[in-house]
Amino acid sequence: TQMTQSPSTLSASVGDRVIITCRASESIDSWLAWYQQKPGKAPQLLIYQASNLESGVPSRFSGSGSGTEFTLTISSLQPDDFATYYCQHYNGMFFSFGPGTTVDIK
Amino acid sequence: EVQLSESGGGLVQPGGSLRLSCVASGVSFATYAMSWVRQTPGKGLEWVAGISGSGDNTYYADSVKGRFTISRDNSKDTLYLQMNSLRGEDTAVYYCAKGRLTWGSGGAFDDWGQGTLVTVSS
Chain A
-13 TQMTQSPSTL SASVGDRVII TCRASESIDS WLAWYQQKPG KAPQLLIYQA
37 SNLESGVPSR FSGSGSGTEF TLTISSLQPD DFATYYCQHY NGMFFSFGPG
87 TTVDIK
Chain B
5 EVQLSESGGG LVQPGGSLRL SCVASGVSFA TYAMSWVRQT PGKGLEWVAG
55 ISGSGDNTYY ADSVKGRFTI SRDNSKDTLY LQMNSLRGED TAVYYCAKGR
105 LTWGSGGAFD DWGQGTLVTV SS
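Just so you know, the protein sequences line up as chains A and B, in that order. If you use the working numbering, the first sequence closes out at 92, no skipped numbers anywhere. If you use the working numbering, the second sequence closes out at 126, no skipped numbers anywhere.
For reference, chain B alone in the conformation it holds in the complex (with noise of 0.2 Å):
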């Protein structure tokens, strides 16, 4: 069974930093491209970032381009997100999502983590 666990959300000053894990289990980590999603409180989902199993290709949204940096470490199956000057509008649960797929980009996400809430606020 697959098990995906997120950690490293908390209270964040807005300008600030922080920097997600999600380690897995259960699967040939490597093997499958991740991304990370977001849900804001009461609102819907949103797309962040996405790495290839290698992690040599790498991807975002426009809304964090600059500001995220998403990176694995395939001996320690972890999948990272680095979030630098950090705004109100980041505010969100954030899951990291698995690819179904060994081949590009993975297509439709077959598992997910639990969610690590972000808030930033003074």
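Next comes chain A alone, as it looks inside the complex (with noise of 0.2 Å):
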């Protein structure tokens, strides 16, 4: 299963509302995660089964989506979100990312 997403940057200013896409290459129901990366750091875990908040994230992050099409939504973009983010489709011991999406400073 290849991982699409969309667009591979984004310029937004602080307060914007950002939205990620994340498309499948055939149905993964919801096994999708999305993860945020800042530069020479390690992915930290945002949203798993496709919508689900992982513990400790802020609320202004939220996932949808099942199928082929997922999003990534942050609701009011935070200084502290400016970072790349990657979906990842994830079944058994099957993992796939996305080529990640980078969120700048408009």
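The hints are simulated quantities; they were obtained by calculation from the structure and are not laboratory data. Since the model is a prediction, treat every value here as computed from it, not as a measurement. A virtual CB, placed ideally from N, CA and C, is assigned to each residue, including glycine. You may find that some hints are simply not true.
[Claimed, not checked] Subject to a maximum C-alpha distance of 30 Å in a straight line, what follows is the list of computed BS3-like cross-link-like pairs (lysine-lysine):
# : chain 1 : residue 1 : chain 2 : residue 2
1 : B       : K80       : A       : K92
2 : B       : K80       : A       : K27
3 : A       : K24       : A       : K92
4 : B       : K47       : A       : K27
5 : B       : K69       : B       : K80
6 : B       : K69       : B       : K47
7 : A       : K92       : A       : K27
8 : B       : K69       : A       : K27
9 : B       : K47       : A       : K24
[Said to hold, decoys possible] Okay, the calculated beta carbon distance ranges per label pair:
#  : chain 1 : residue 1 : chain 2 : residue 2 : range
10 : B       : L15       : A       : P(-7)     : 33 to 43 Å
11 : B       : T35       : A       : S62       : 31 to 41 Å
12 : A       : S48       : B       : G59       : 29 to 39 Å
13 : B       : G46       : A       : S48       : 28 to 38 Å
14 : A       : F68       : B       : L105      : 24 to 34 Å
15 : A       : T7        : B       : G46       : 18 to 28 Å
The two chains are supplied separately, each in an independent frame; assemble them into the complex guided by the hints.
What follows is the structure, given as structure tokens:
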């Protein structure tokens, strides 16, 4: 299963609503996670099973979708949110990451 | 608090070998499946290998199958990645990552180490 993300880069301002899309080449039900990664740091889990917020993650992050199309929404972008975001399909011991979406300052 | 700490990275010549280690603390290590994930400098993430909590089941990406071996020593709370026949395209930061579930393959990765850099070059 191939994962794609759009856009590859997104320029936004603090307070903006940001939506990142992830598409799978075939149906993956809800076996999708979202991660945030900052330069020089390990990825951090934000969302699992498409729409479940990981403990400790701010509620401005939300995930939706099933099948082949998924979205990560940041309701009001904060300075700490400028980073790269990856979607990941997981199913048994098969894991496939999307290419990433970089959110930078407009 | 779960902590994962990798070590063993470095510079190695093409065709050489290296063994990475990942020591876990703050978690019942044997309960969780673990994986290695790598990231090429400036590029995206690639899952490399995974292992069940007991160590009985192992899984590999096609790109490393036959060259890399994942293992674990639950008595030492340590995960390993033996890398043989290394190639230039194996150059990356290698992360160990813990599955968030205590059953099956663990699902998404809720804890990651800080990463260790492997450079394959002559």
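Here is how each hint holds up against the structure:
For the proposed pair K80 of chain B and K92 of chain A, the alpha carbon gap of about 48 Å is over 30 Å, so the pair is violated. The straight-line distance between the Cα atoms of K80 of chain B and K27 of chain A is roughly 26 Å, inside the 30 Å bound, and the hint therefore holds. Restraint check: the Cα-Cα separation between K24 of chain A and K92 of chain A comes to about 17 Å, which is no more than 30 Å; the hinted pair holds. About 14 Å separates the Cα atoms of K47 of chain B and K27 of chain A, which keeps this hinted pair within 30 Å; it holds.
Between the alpha carbons of K69 of chain B and K80 of chain B the distance comes to roughly 26 Å, so the proposed pair stays at or under 30 Å and holds. Of the supplied pair hints, the one linking K69 of chain B and K47 of chain B holds, its CA atoms being roughly 21 Å apart against a limit of 30 Å. The suggested pairing of K92 of chain A with K27 of chain A holds, with an alpha-carbon distance near 23 Å, which does not exceed 30 Å. The straight-line distance between the Cα atoms of K69 of chain B and K27 of chain A is roughly 27 Å, inside the 30 Å bound, and the hint therefore holds.
Proximity of K47 of chain B to K24 of chain A is assessed by CA-CA distance (about 13 Å); at most 30 Å being required, the pair is judged to hold. Distance hint for L15 of chain B and P(-7) of chain A: a CB-CB separation of about 36 Å, consistent with the stated range 33 to 43 Å. Taking the beta carbon of each, T35 of chain B and S62 of chain A are about 37 Å apart, inside 31 to 41 Å as hinted. For S48 of chain A and G59 of chain B, the hinted distance range of 29 to 39 Å is satisfied, since their beta carbons lie about 37 Å from each other.
Checking the proposed 28 to 38 Å range against G46 of chain B and S48 of chain A shows it holds: the Cβ atoms sit about 29 Å from each other. About 30 Å separates the C-beta atoms of F68 of chain A and L105 of chain B, a value consistent with the hinted range of 24 to 34 Å. A hinted range of 18 to 28 Å holds for the C-beta pair T7 of chain A and G46 of chain B, which are about 23 Å apart.
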